[in-house]
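Visitor: Work out the full structure, taking the sequences as your base and the hints as a guide.
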Amino acid sequence: MSDATPVELMTIAGSRLLRDGRVVFAGVGAPLEASVLAKRLHAPGLTIVLEGGSIGPRMLPGRLPVSTNEMRAAHHASMLTSINDLFLYGQRGHYDYGFIGAGQLDQYGNVNTSFIGDPDRPKVRLPGSGGANDIVSSCREVMIMTRHEPRRFVERVDFITSPGYLTGPEARRSAGLVRNRPVAVVTDLALLGFDEETGRLRLDALQPGVTQQQVQANTGFELLVSDAIDELAPPTQQELQELRRLRDGDPTDVPETRKVTSAP
Amino acid sequence: MTDATDKRMSLAEASALVRDGDTLVAGGCCYSRTPWAMLLELLRAERRDLTLARNLMCYESELFLASGAATKLVASWVGIGLKWGIPKVFREYVERDPAIYEEWSHLSFGLRLLAGSMGMPFLPTASMLGSDLLERTPAVEMRCPFTDQKLVAVPALVPDVALIHVQRADPAGNAQIDGPVYMDVEFARAAETVIVTAEEIVSPDEIVRTADRTAIPGFVVDAVVEVPFGSYPHECHGRYEADFDHFDAYAELVERDGVEGVQAYLRENVDGPGSFAGFLDKVGATRLLEQTRRARELVAA
Numbered sequence: 001m002s003d004a005t006p007v008e009l010m011t012i013a014g015s016r017l018l019r020d021g022r023v024v025f026a027g028v029g030a031p032l033e034a035s036v037l038a039k040r041l042h043a044p045g046l047t048i049v050l051e052g053g054s055i056g057p058r059m060l061p062g063r064l065p066v067s068t069n070e071m072r073a074a075h076h077a078s079m080l081t082s083i084n085d086l087f088l089y090g091q092r093g094h095y096d097y098g099f100i101g102a103g104q105l106d107q108y109g110n111v112n113t114s115f116i117g118d119p120d121r122p123k124v125r126l127p128g129s130g131g132a133n134d135i136v137s138s139c140r141e142v143m144i145m146t147r148h149e150p151r152r153f154v155e156r157v158d159f160i161t162s163p164g165y166l167t168g169p170e171a172r173r174s175a176g177l178v179r180n181r182p183v184a185v186v187t188d189l190a191l192l193g194f195d196e197e198t199g200r201l202r203l204d205a206l207q208p209g210v211t212q213q214q215v216q217a218n219t220g221f222e223l224l225v226s227d228a229i230d231e232l233a234p235p236t237q238q239e240l241q242e243l244r245r246l247r248d249g250d251p252t253d254v255p256e257t258r259k260v261t262s263a264p
Numbered sequence: 001m002t003d004a005t006d007k008r009m010s011l012a013e014a015s016a017l018v019r020d021g022d023t024l025v026a027g028g029c030c031y032s033r034t035p036w037a038m039l040l041e042l043l044r045a046e047r048r049d050l051t052l053a054r055n056l057m058c059y060e061s062e063l064f065l066a067s068g069a070a071t072k073l074v075a076s077w078v079g080i081g082l083k084w085g086i087p088k089v090f091r092e093y094v095e096r097d098p099a100i101y102e103e104w105s106h107l108s109f110g111l112r113l114l115a116g117s118m119g120m121p122f123l124p125t126a127s128m129l130g131s132d133l134l135e136r137t138p139a140v141e142m143r144c145p146f147t148d149q150k151l152v153a154v155p156a157l158v159p160d161v162a163l164i165h166v167q168r169a170d171p172a173g174n175a176q177i178d179g180p181v182y183m184d185v186e187f188a189r190a191a192e193t194v195i196v197t198a199e200e201i202v203s204p205d206e207i208v209r210t211a212d213r214t215a216i217p218g219f220v221v222d223a224v225v226e227v228p229f230g231s232y233p234h235e236c237h238g239r240y241e242a243d244f245d246h247f248d249a250y251a252e253l254v255e256r257d258g259v260e261g262v263q264a265y266l267r268e269n270v271d272g273p274g275s276f277a278g279f280l281d282k283v284g285a286t287r288l289l290e291q292t293r294r295a296r297e298l299v300a301a
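Protein chains in written order, with my numbering: chain A, 1 to 264; chain B, 1 to 301.
One or more hints might be untrue.
Stated by the list, open to error - Lysine to aspartate or glutamate pairs mimicking DMTMM-like chemistry, simulated, CA-CA at most 25 Å apart:
| id | chain 1 | residue 1 | chain 2 | residue 2 |
| --- | --- | --- | --- | --- |
| 1 | A | K123 | B | E252 |
| 2 | B | K83 | A | E242 |
| 3 | B | K150 | B | E95 |
| 4 | A | K123 | B | E95 |
| 5 | A | K123 | B | D257 |
| 6 | A | K123 | B | D212 |
| 7 | B | K150 | A | E242 |
Hints are computed from structural coordinates only; laboratory data are not their basis.
Guide: Below, the structure written as structure tokens:
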């Protein structure tokens, strides 16, 4: 068994979903780390775009950005453009994947990052949409990555910041969301897809060593279950090493100023 | 006779262009290229009843609320950054009275300023369709008159004043931005009044030699203020990296003391030093040079 942490398991599973030659609009945190990992391992031709206007950046190990707008997120980019333009490439249909995190999500993949409780008298105010709403409204295949906990996987979100299937595929269509669709939710326990007929979340594959009961116990609604549940391959040593090097940096690396021109 | 193309002035003089009750838009994004010196100057000048709009807002959100300068905020996201999360006092204010904060999606916010910059009353978008954001903003659903597609119409935002920090500008306000431009160009074009602060004021000849880098033309600019390190403790692309230690200390103070912590921060960093230069003196040259060195490591040669 590998010694991967839950977040590492989730990030590595997410990275494997990204195919070479595509364009991914990644949110900061685990989605960005998954995208950078994919680019470094199996998808060297993956183009990462970030909300602050950065197209095709490469991250310096140990200097991952804390916001998608800062210099670290612009490092070695092939284009730095305006935020409106960055989003409008997406609205035009140029982004294959939209990859976001979620504070709270429901059985239709609707995401809430705005309020816990009644929006007029909220228990907790969350940071808000940022670009997440725009990503789920335009990027062709929407993927969501989050820890698998009952408080996050709720039957009905308190507020729809970023719509998934709303109450089903017809509801999504009639709302005008016709350009794209949610395709996957990646967690530390499982890989979930969406049932085509109902738009509800479906358990497709388990993280290594995790049981179906465990996943259901950490989900606040009844999950649909695929006819043949897969088990995800455990992280390889290479995946783990590369992910940790990205996060923590590597003191034996060449000086950072030289990495600018020698990056892979 | 004064030279009409020389718009140089001090921060204090520029702050007089902002009146109580104005809607302001602040450029940069989150903790990047924020017009920090100008924002602090407005707090020092004790402006009141302001609406502060910014696409991604950092902890200036709660400085403006707790000081009493702003009564309303407009943004798509408010947070100090992934590591520090949502500003605690901002959260308390909004949980008490949700009406003081208007949330848009990031693109919808940007399109409001783009519409303003185009001299048009609205723009259509596919964003916010089907979401609950729609009913909590003045945006409305519409049908395309040509294709009948369902879309969202976002109303133009024409701010009274845009505050923009850039790497260099000439005395007439022709301004150049290195790195991502964020929404600064839309902000500057949409606003009635534009205050540009610049890391350095350069000669018109230097701007002419690199005219393709000019992002904002002087004719939309009303004031130009030279403020080295004018975004600090936020970052300025290619110049200095954000001071995460400063953020850590701030977040710790506010976590512990809440709104009192914000007041203490304002006393120590705004009122106490008496000027932005005084604030930088307090930070010290060693720290500023270190942040400058760190920025150089990130800029491709």
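Visitor: Within a Cα-Cα threshold of 25 Å, do K150(B) and E242(A) meet the stated pairing?
Guide: violated, 44 Å
Visitor: Holds or violated: are the alpha carbons of K123(A) and D257(B) at most 25 Å from each other?
Guide: Cα-Cα ~20 Å, so holds.
Visitor: Can you confirm whether the C-alpha distance between K83(B) and E242(A) stays at or below 25 Å?
Guide: Since the Cα atoms of K83(B) and E242(A) sit roughly 22 Å apart, the hinted pair holds (cutoff 25 Å).
Visitor: For K150(B) and E95(B), compute the direct alpha-carbon distance and say whether it is at most 25 Å.
Guide: Since the Cα atoms of K150(B) and E95(B) sit roughly 33 Å apart, the hinted pair is violated (cutoff 25 Å).
Visitor: Can the restraint linking K123(A) and D212(B) be considered satisfied, given a maximum Cα separation of 25 Å?
Guide: Status violated; Cα separation ~50 Å.
Visitor: For the pair supplied as a hint, K123(A) and E252(B), confirm whether the alpha-carbon distance does not exceed 25 Å.
Guide: holds, 22 Å
Visitor: For the pair supplied as a hint, K123(A) and E95(B), is the alpha-carbon distance within the 25 Å limit?
Guide: Roughly 7 Å between the alpha carbons, so the hint for K123(A) and E95(B) holds.
The structure fails hints 3, 6, 7 (numbered hints given earlier, in ascending order).
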